Amino acid sequence: MLKVSGLRAAYGPVEALQGVDVDVDAGEIVALIGANGAGKSTLLMTICGAPRARSGRIEFDGRDITRLPTFEIVRLGIAQVPEGRRVFPHMTVLENLQIGATPAEDSYFDDDLDRVFAMFPILEERRHQSGGTLSGGEQQVLAIARALMSRPRLLLLDEPSLGLAPLVMKRIFEIIKEINESQEVTIFLVEQNAYHALRLADRGYVMANGRIVLKGTGAELLADEGVRKAYLEGG
Amino acid sequence: MAYFLQQLINGITLGAIYGLIAIGYTMVYGIIGMINFAHGEIYMIGAFISVICFTALGLLGITWVPLALLIVLVIAMVFTAVYGWTVERIAYRPLRGSSRLAPLISAIGMSIFLQNDVQLLQGARIKPLQPVIEGGFILTEMDGFAVHLGYIQIFIVFLTVVLMALFSVFIARTDIGRAQRACEQDRTMAGLLGVNVDRTISLAFVMGAALAAVAGTMVVLYYGVVHFYIGFLAGIKAFTAAVLGGIGSLPGAMLGGLLIGLIEVFWSAYFTIEYKDVAAYSILVLVLIFRPTGLLGKPEVEKV
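Chains A and B are the protein sequences, given in the same order. For what it's worth, the numbering used here labels the leading residue of the first sequence as 1, then goes sequentially. For what it's worth, the numbering used here labels the leading residue of the second sequence as 1, then goes sequentially.
Simulated from the structure, these hints should not be mistaken for laboratory data. Keep in mind that this is a model prediction, so the values were computed, not measured. Just so it is clear, CB atoms sit at the ideal spot from N, CA and C, and this is done for glycine as well. It is possible that part of the hints are untrue.
Anything over 12 angstroms on all C-beta distances counts as not near chain B; from chain A, calculated [to be verified]:
no.: 1; residue: Asp64
no.: 2; residue: Lys215
no.: 3; residue: Gly218
DEER-style ranges, computed between Cβ atoms [said to hold, decoys possible]:
no.: 4; chain 1: A; residue 1: Pro166; chain 2: B; residue 2: Ser99; range: 37 to 47 angstroms
no.: 5; chain 1: B; residue 1: Ala165; chain 2: A; residue 2: Ala118; range: 36 to 46 angstroms
no.: 6; chain 1: A; residue 1: Arg75; chain 2: B; residue 2: Ile71; range: 36 to 46 angstroms
Pulled out of the complex, with its shape left as it was, chain A reads as follows (with noise of 0.2 angstroms):
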């Protein structure tokens, strides 16, 4: 579904992405892991053309996107819900959600909308409160929920644990399987939380330094005696 190959980018002066290659097939869960730094984020945002990629490809259901403008990329069907929630803080939920439905027809808005506020009753309970003033945990399922709202096929999720209390980061990473089994969408996900990422995925990268320094099965990761050494023990 989501294939990318040998993908360099930068932000300035600083090449974060180093030749990367990446296969997601649909339905599947992958995880990216990696130390602070390594460019999981930068390819999730070049991934969605921002920034644009300086050379290698992207592709997207057979289609190259590598030089698509951000718009048109999320119209095909792949949504992100971004490192640090960015949920509009002076918006209220609910226009969070009306913004996050651009891409998908109107007819369906309706729909959606009970759909997320049965998943998530908490927003519906505070449709009309603004972005900025929810709690941590309601603001990253805010920016799931606004993500789901397009309809997409494929959806990037950037660190939706980062700062969570456990409890709500266990309800978190249910509702991330959730989406994926009942809504049949193929979920790439970036996560410092390793073990819960790899637990979870059915296939994992590693990234360290701009590369892909290993890959294989969330068992085989999970299994992997550098992994553990690196991201699992005294974490």
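Fit chain B to the known structure of chain A by using the hints.
What follows is chain B alone, placed relative to chain A:
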């Protein structure tokens, strides 16, 4: 008291015009964080187009005032909107993503270019216009001073209030308005959610220009003259109004415009007319010292 009332009426009229121009500054700043210094020229062009249209309509024999006004307003708004769109496309969009200073300099260049352009095409002399909306009535008479309320003043204030109300609802309720606000708060994120950011920015310029065109038409009707240099001072005043109200805030621009109009008129009436601009800018300095975000500006929200 009567004198005071008269100044109040004059101040509100002038403030309405500043407020309409200020909206263009505040919208563009809100969305791309730059001061569009060419915006005053856009207003001046709106005024020129109005004079040309009124004259042409007079030649065509269309003299029924409401119809003539409607035609002039529509034509001025459309043409000026095209100017606004073009300025953004030529002078600002290619510079997006470069340093903050580059589009600012480009804006000043654009402002000088448009001013000279109009001067060459229309000449440097002041262009007069026959009064279109004449008359008015005496509101009250006290101590031998008659408070005069012109129909033109009623027209200006009424139209401004209607436009600002419509515009506020438009920004608050419609998809386009929502996209404007989303881009204002986080442009990258809006793009990630499928909002066409470039088009949204273009629309901010187009809408700001259309409102400035209305201000241009009003000024022509109110003062009966137009000149290629009017955009500079009015632009700076409206910019001051936008900063005073809190740049980036729509109600702030409206309030700021009103205040600048009132300050200017009252200062001229009670103190010296030569110092009216000094008074307006002094208030600006004071507000910025004690409330850097302006009267209605929101403090920058910390992004986590």
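Tell me, which hint numbers fail for this structure? none
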